[in-house]
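So the protein lines, in turn, are chains A and B.
The opening position of the first sequence corresponds to residue 62 in our numbering, with each subsequent residue numbered one higher.
The opening position of the second sequence corresponds to residue 62 in our numbering, with each subsequent residue numbered one higher.
Hint data in this document are derived by calculation from the structure and do not stem from the laboratory.
Please read these numbers as outputs of a predicted model, since none were measured by experiment.
All clues stand as given, with none of them false.
For the chain B half of the interface with chain A, some residues (derived, Cβ under 7 angstroms), not all of them: (1) Lys260; (2) Glu261; (3) Ile262; (4) Tyr282.
Calculated Cβ distances over 10 angstroms to all of chain A for the following chain B residues: (5) Ala158; (6) Glu357; (7) Glu360.
According to the in silico footprint, chain B covers these stretches of chain A (three or more CB under 8 angstroms from chain B): (8) 87-93; (9) 218-226; (10) 254-264; (11) 274-282.
Each residue gets a CB set at the ideal place from its N, CA and C atoms; glycine is no exception.
Protein chains: 2
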Amino acid sequence: MKKEINNTMETSEGFAPASCGNVAVGYDILGMAFKGVGDQVTLTRRRDEALVITAIESKDSLPKEIDKNICSAVIAHALEELHLSIGFDIAIRKGIALSSGMGGSAASAVAALRALSGFLIEPFTNEELASLALHGETMASGEPHGDNIAPAVYGGITLVRSIDPLKIIPLPIPKGLYAVVVHPQIPIETKGARALLKKEIPLFMHVKQSANIASFIAALYTSDFSLIGDALADLLIEPQRKHLIPGFDTIKKEVLALGALGMSISGSGPSVFALTESQELAEKISQRMISLFSKEGIEADGWVSMVGEE
Amino acid sequence: MKKEINNTMETSEGFAPASCGNVAVGYDILGMAFKGVGDQVTLTRRRDEALVITAIESKDSLPKEIDKNICSAVIAHALEELHLSIGFDIAIRKGIALSSGMGGSAASAVAALRALSGFLIEPFTNEELASLALHGETMASGEPHGDNIAPAVYGGITLVRSIDPLKIIPLPIPKGLYAVVVHPQIPIETKGARALLKKEIPLFMHVKQSANIASFIAALYTSDFSLIGDALADLLIEPQRKHLIPGFDTIKKEVLALGALGMSISGSGPSVFALTESQELAEKISQRMISLFSKEGIEADGWVSMVGEE
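Excised from the complex, chain A in its bound form (with noise of 0.2 angstroms):
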């Protein structure tokens, strides 16, 4: 990768959205972005060589050290890589609260990079957009997870065929699509939640996911629905987490019997998803989900956005 700054370049956005890992059926292999919701990186050039954060936006406590934010970091090592020296005040605007879930790390650096982006003659693909961003999942979470930087990067549901070397594989949508996302405001930790599942799974439960992910691809390059429906579940991660978000069954229950296509944990939880036909059917179950969390005394924030390209 051999890029050029734009001297001419003052100033640059780049924004990236939230999303959901695993989307039920591809644990650590499958993603989905949530475009109404997401991280903003502001990038204004400084006349030295330095990385400063001149502000952060968030709900959310966040460092303002450079090897400790993602921003910051993402960007310091992309232009290590780049063997670039150029400095920035950075500005965060953190639209995605800390460990619900909902991608935040992978949101932040894919931001950060598109703002970065916007400072190189030819601008990054997004590959080099993908594989740079996958330092700032090392550092989030230990390991370069590419289930998140996926779709914040190229929208959509996205599968990560492989991480090294890394090779995505957007999906197609079915026009129609919705998917809600509510967060719960408890937290949970990646790391510890990935520590609670099992090393190993029985072959046959291996072999009946197999088919649920292999029916979900097969539904989404043939826009069938009911067949998205009868395949997105999971029946390998789902019952190792589900008790770290209260209520859950019953969330679960209601938002079927509403009519969603399906509902499961998003990423390492606690925010959770759903997907459904129709962005009514999507804002009816966001607002029920909400009121459940709260009958279990927690507050929760939920969007609702079309999958894929409006």
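Once you've looked at the hints, dock chain B against the given chain A.
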């Protein structure tokens, strides 16, 4: 299912192709038809209501008892399900060797039911054929497996979404996809080959194999030969079974070096299969495989066929 007999019919023939279970990436759920070879069943109406096996053309010794021979047992079971009383002389021409890993029991069952279908005023649908044929697989291996039944009925490459209820998704086939299957004449019993498999697999292997099947499905829908080649790998089952096939590693190395998209074990073996982008290469690989088995002192037969429609 309700069917009536066409009393003007005297004789009816049915054919079903050999098939490859698993197709490397989808243990127990994917299957692929090898249409160049298969089993044929001819039914001739009798004056009484008996089922009698009158002829068997086969290299192997097959039972003639009605409840032990798959063709007759599947017909008897279907007639019982349909509440029909009718007698047949049954002539069987078995193109597929027993215990070859080429879906012989599925082909026999489907060929027999296709022959029976010819006597019905309204023939069996594919769904009905597949559902009735499962009875034969339960006889043959003790469990109902659909991964050979589905391609024997639908042709091409099929995904068995679930067994109960039986749901099959026929997958699209890229134009110009060829399959080679080579049968080295050493017996492997499906039951034994299943029993040697570990009952648990590591979660991270599930993740990798899920990426393979998901990518393979995407590759079929997008006619992406390069992705088929990249995805067609069995990380779980092949390593546990390949020692049953003398010379497997050497053969695979040579076949991939010749340009095959991938190679693995057909079903529970000992047959092996490969996919290619041309008939010429498929023929060449078939010859090479046969000659490599010959070096191991094993006689082998090979077949080449286009996958999917001509």
